[in-house]
Amino acid sequence: MRDFYGVSLPLPLMLGTARYPSPAVMEAAFRQSAAPVATVSLRREQGAGQAFWDMVRGLGVHLLPNTAGCHSAREAITTAQMAREYFETNWIKLEVIGHADTLQPDPFGLIEAAEVLCADGFEVFPYTTEDQILAARLVDAGCRVLMPWGAPIGSGLGLNNLHGLRSLRAAFPDVAMVIDAGLGLPSHAAQALEMGFDAVLLNTAVAEAEDPAAMAEAFALACRAGALAAASGPMGQRDMAVPSTPVIGKAWL
Amino acid sequence: MKIEVNGEAREVAAPQLDAALVELGWGAAKVATALNGSFVPAGARGETMLSDGDRLEVLSAMQGG
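Sequence lines, in order, name chains A and B. With this note's numbering, you'll find the first sequence wraps up at 253, consecutive numbering, no jumps. With this note's numbering, you'll find the second sequence wraps up at 65, consecutive numbering, no jumps.
These aren't lab readings, by the way, just hints derived from the structure by calculation. Since the structure is predicted, the reported quantities are computational estimates derived from the model, not experimental observations. Note that CB positions come from ideal geometry on N, CA and C, so glycine has one too. Check each hint, because a few of them may be wrong.
Quick partial rundown of chain A residues pointing at chain B, CB under 10 Å, derived from the structure [said to hold, decoys possible]: (1) 23; (2) 42; (3) 45; (4) 48; (5) 51; (6) 52; (7) 54; (8) 65; (9) 74; (10) 78; (11) 85; (12) 153; (13) 166; (14) 169; (15) 202.
Straight-line distance between alpha carbons at most 20 Å, and here's what the computed DMTMM-like set of lysine to aspartate or glutamate pairs gives [as the list claims (entries may be wrong)]: (16) B/2 with B/52; (17) B/30 with B/18; (18) B/30 with A/101; (19) B/30 with B/52; (20) B/30 with A/88; (21) B/30 with A/194; (22) B/2 with B/54.
Simulated restraints, written as ranges between beta carbons of each label pair [what the hints assert, rightly or not]: (23) A/72 with B/27: 51 to 59 Å; (24) A/104 with B/36: 25 to 33 Å; (25) B/6 with A/72: 41 to 49 Å; (26) B/36 with A/57: 25 to 33 Å; (27) B/11 with A/166: 53 to 61 Å.
Chain B extracted, bound-state conformation (with noise of 0.2 Å):
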């Protein structure tokens, strides 16, 4: 399906965002995650299923003021 993924338009097979994760390459990275909007904690990305279309925004950490 394709989904966008850091603004970027992917194409992903996995349905679950876990499995997804994997597929991008982030599998072993810390990272957090929101799906339109809204965070998705790391313990819920098994049962968190993908949809055509959906706004996937993959963070970590990065220099702040």
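Next up, chain A with everything else stripped away, as it sits in the complex (with noise of 0.2 Å):
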């Protein structure tokens, strides 16, 4: 059974804590969905950052601090400090941006920044593609977690490429994935699971709802469901029709 690093979650869902009409909102969304993770950030004080860690901390959920925004490993590896210190925890979601309209992770980057993290005691979830040469780098690293996206960060597009992510998935089965960003619909959570990912993170889908609340239970539903399917051993599927009721003993009419 794979683990982030040492945790088994109750269920397989991650929840940002960004873009909610209201803090209220935010908790609405995390009491309704039971998601047991919430990722978190550190930006300047400007007088509202200790109420909200109070609130956070009311959560009762795992902290995962981000790196987000962060463009080189240096910024990201001194945030990620900062971030221990501050939310308590060797947990550290890794972002290295390359670039900032496609937002897609700096591989380089990303190495060399977990690199540091990972010697430096982190438990390092990198925010990386599908390539399965930059996976293979970041578990020499010491990542014990990678965090595949789905589509772009915010997109909702869903999972962009299926084969490359399956690849993925079957290529190192003893690592725990997170689809992480580009999530839009419950559906793609559910598709994400049934292949055999061990989570999913999203934030904007349920934070840009109509509903939130009512789109964060959707998503933990999906999410039992993918998680369930996954471990009940889909079907193989195949080009022609195969009748499901026997035709033996059909009476001739």
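Both chains are given apart, each in its own frame, so use the hints to dock them into the complex.
Laid out in structure tokens, this is it:
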């Protein structure tokens, strides 16, 4: 059974804390979905940080701080060090962004930062692509979890490269993988889990829904369905029709 | 001395980082600090000396995805 640095989650759903219409709506989304992990960030203190810290602590979930917006390994490493102290966790969602428009990860900066952070005792969740060579380098660096994107951050497009993601999943059977970014609908989450991914991480799809708490619950249900389906051994696909009702014993009419 | 705090020019009297944070109004606040791009752990703030022109970042929790 794959876990997240020794932590097994009761529900394979990680939920972001940004872009909700209000803090109360965010709390409701966590309550209604029972998502066991919340992603958080660090920004310049302007007075609201303390209240937000008290609120996320009150959710009673695992916190996964991110290095969102960092464009170099150095920036990401310093942010991770600050996040470890602030949020009191070794978990870090490592983002090293390569381009401001695509928000695509910078694979070179990602490897550099992952090597430093893993050696320093961090438990790194790298935001990566479906590239297998990059995945292998991240695993070599010490990452025991990978977070391949489904589609560009905030796009809601779902799983863009099914073949690439399927190959990645098959190539690293012992590494826990979270589909991070690009999910728009609960069916995307169900599909990811059916394919054998260990969790999904999403934010915008819930926060920007008309009813975020209800959408969070819909994602939770989809995650349960997908995980149960993966554990149940899905049937293989075939090109030809096969009747499910036996032909034997059919009346001569 | 004149330092940059979260991107803004500020004047502080105290040479140590921990005392400067009190001066800046973050005495009791839960924050994480970096000086000139390098992390300064909370336990090291007392012995971290500030110089004119230093860049100080004072961060706290924020919503994130």
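* Asked: Given a hinted range of 25 to 33 Å, is it respected by the beta-carbon distance of residue 104 of chain A and residue 36 of chain B?
  -> Given about 29 Å between the Cβ atoms, the range holds.
* To do: Mind checking the hinted window 25 to 33 Å against the Cβ distance between residue 36 of chain B and residue 57 of chain A?
  => 30 Å Cβ-Cβ, so the 25 to 33 Å window holds.
* Hey, does the residue 169 of chain A contact hint survive, CB to chain B under 10 Å? -> 23 Å, violated
* Once the shortest beta carbon distance from residue 42 of chain A to chain B is found, is it less than 10 Å? -> 4 Å, holds
* To do: Answer holds if the nearest beta-carbon of chain B is closer than 10 Å to that of residue 153 of chain A; otherwise answer violated.
  => 8 Å, holds
* **Straight-line alpha-carbon gap residue 2 of chain B to residue 54 of chain B, limit 20 Å** => 8 Å, holds
* Given pair status - residue 18 of chain B, residue 30 of chain B, alpha carbons within 20 Å -> 12 Å, holds
* Asked: With a cut-off of 10 Å, does the beta carbon of residue 54 of chain A approach a beta carbon of chain B closely enough for the hint to hold?
  -> OK, holds: residue 54 of chain A within 10 Å of chain B, min 9 Å.
* Does the interface hint hold: is residue 78 of chain A within less than 10 Å of chain B, judged Cβ to Cβ? -> Cβ of residue 78 of chain A sits 5 Å from chain B, so the hint holds.
* **Cut-off 10 Å, beta-carbon criterion: hint that residue 85 of chain A touches chain B** => 5 Å, holds
* Asked: Does residue 74 of chain A meet its interface restraint, that is, does its C-beta lie within less than 10 Å of any C-beta in chain B?
  -> 7 Å, holds
* **Assessment of proposed distance window 51 to 59 Å (beta carbons of residue 72 of chain A, residue 27 of chain B)** => Violated, at about 32 Å.
Hints 13, 14, 18, 19, 21, 23 and 25 from the earlier list are contradicted by this structure; the remaining hints agree with it.
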